[in-house]
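Colleague: Work out the full structure, taking the sequences as your base and the hints as a guide.
Each chain, letter by letter, is given below.
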Amino acid sequence: MAGSLQRKVALVSGGKVDYFAKANPDLLFFEMAMQAAREAVADLGLQPKEFRRLIRERGGIVITHFADHFAGQLLGEALTRDYLGLNPAEACRVIGGGATGGLGVQAAMEKIASGRADIVIAIGYEKMSEVDTFQGNEFIALASDTVTDFPNGGYYPLYYAAMAQSYLDTFVGRTVSAGEIRDAFSKIAVMMRNNAQFNRRAQTSRENPYSTASTSGFIAVDDVVKSGIVATPSYRLDCCLMTDGASAVVLACEELARQLTDQPVYVTGIGNGTDCMRTGERPRTVGGLVADGLLFPHEREDPALVEYYRQLEYPGLHSFRAGRWAARKAYEMAGIRGNPLEYFDLIEIHDAFVISVVQTLEDLGMAPYGHACKLFSALPLADGRVPINPRIGGEKGLYVNPSGGLIGQMHAVGATGNTQAVDVLWQMQGKIKEKYGHAETQVPGPKTALFHSHAGTGSDITVTTVERGW
Amino acid sequence: MPVEDKPLDPGDKAYRPAKTEVLIVHRQVRIGYKKSYGGMSPYIKGIMGGGDARLLYTVCENAGGHDRGGILRFQVPRADCPECYGRTRWEQLPDGARFYVNTLSTAVELAGISFMDQLPVTVAWISAVLPGPEGAELDTLTAGMVRVEDYTRLKKGDELRPVFRHSPRASASDAMWVLKGTPKEGWPEGYVQSKNYRV
Ligand SMILES: [Zn+2]
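Protein sequences appear in the order of chains A and B. Counted from 1, the first sequence has number 118 at position 118 by my numbering; the numbering is strictly sequential. For any residue, its number in my numbering is found by taking its place in the second sequence, counting from 1, and adding 1000.
You may find that some hints are simply not true.
Stated by the list, open to error - Derived DSSO-like pairs (lysine-lysine); straight-line CA-CA distance at most 30 angstroms: (1) B/Lys1019 to A/Lys374; (2) B/Lys1156 to A/Lys226; (3) A/Lys447 to A/Lys433.
Hint data in this document are derived by calculation from the structure and do not stem from the laboratory.
Modeller: In structure tokens, the structure reads:
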């Protein structure tokens, strides 16, 4: 049946590179992958020899990396699985821009759900530091249309900033004030960066030996605006990191998962949506959300909201239809009909820029379009800082990116969606103190969670929902 | 693909974060392409015309084959219709067409390597509206670089006009944009007005 999993799939263990870094010349990309895989295997209590036999005889491998240009190496996935001694097991690479890692984890789920494999290791990596920042920005911009958009100033922070401007033009004065929205943006930047200070592997953590004084440590809201405008209206500290790093997650069928761990985290829903790469080609349909049947069940029950959405141009350049589509598919599969802000305990989302957090919470149905910034502008400040890992949306709300996300922890493109799965798994397994070196961002007893991966300006988006299996 | 490796200049402080004794080389790679614009070629040829430049778009009139019915007009031209899979027809935007900023951003501090020497670079997503009583708007926006005196004042709804590179490079950037009525001194260097679109 379309839209269902044929077998239960569990996340059983995860691992990461020892330290995410702006530049880590000490490790080749497959050596970074080894650190991540070694941790994931050790956490299962298996000897590598046993693990490799399981993968060969009952499993498979999914490897994700985004831009061959960064490493100057095509088919790097082959070198990676050679290095991990996994041949001749079945393997493939999955790629989809910034959603590469998320798509890879979902591909691993599909292998298990279909019965093709009982255990899969999904590994993501990216080494972005070997070209300078201008060149790196250009490689990323090659993931925009190279005929039309790239020759016209091609630069992803600008593409995003133009969407942020469209968001402001659409909602300021209608649902929110300009001051309120900037307040929310700065608080989001501070929340991500400061959460990451309790994650010793995060690129911006002071405890990370690869971090530098100027790019690590706690920040306050004033620092965000003082950081200078990168592309109007976005400030430097509104933007995510560029990272050298790797991540790995092991998934298994129910029977094997129960043998491997007492703490399996089961997949309840997977969704993936798409939209035009050229943002200017996306529909700008008044009432598009309603006309195209894109409302969630809890939204359809609110007549005032439906009426508001009948007047709203959608998706225009302000929102990610791909994210809504992905969430709709995942929620349907998982049977989630209530307000997802209340349903989930924890989410790890793709905060490429602070605006993405606002847009994504709306795409996920956690706040009405044009309203999500209020969830963040409401956060209290002390000495210019929001509380560490605050619950978003009040008592019934949830925790957003305790890891520090792409702004605070890492964005090694091909690893990012994979890392989010690992962070969610560790949260649910109660391992944050062990893995981050601090307990401050451990969510108390999470039972339900979501992770989200995002490409381009929303060309490919994945949403995966999970629940605690013990 | 010529690859040239040499030891990293010890004076290069930008890339010495290693914690162990590793060897780092400076690698220079050069790649040449013969790049075809395929079915989009008429569009690129059109904007390469300098003082005779033309902005072409494509149209599909097969309303019954489209999700919402109606004619589809593609400002970034497509030789084939993405909805009915038919072939589209080329049209030229007339002088009376009007162009408006839908959204925009200006790269101030950082950019890709091709633009790092040109900052600030303003890019707008531009809507095109046909003249005539119906004033049909093309269904898609195009991205274009805009030259303005003060980028902080440019905003949604501002009316733009195209200018074209006098010595074209066969790039989408052979067309740029200025505010309607901008005097010649305000146009980007090396760009001229086309007789088909008065600024
Ligand atoms: Zn058609």
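Colleague: State for each hint whether it applies.
Modeller: The hints, checked one at a time:
{"no.": "1", "hint": "B/Lys1019 to A/Lys374", "in the structure": "44 angstroms, violated"}
{"no.": "2", "hint": "B/Lys1156 to A/Lys226", "in the structure": "26 angstroms, holds"}
{"no.": "3", "hint": "A/Lys447 to A/Lys433", "in the structure": "18 angstroms, holds"}
Violation of the numbered hints given earlier is confined to hint 1; every other hint is satisfied by the structure.
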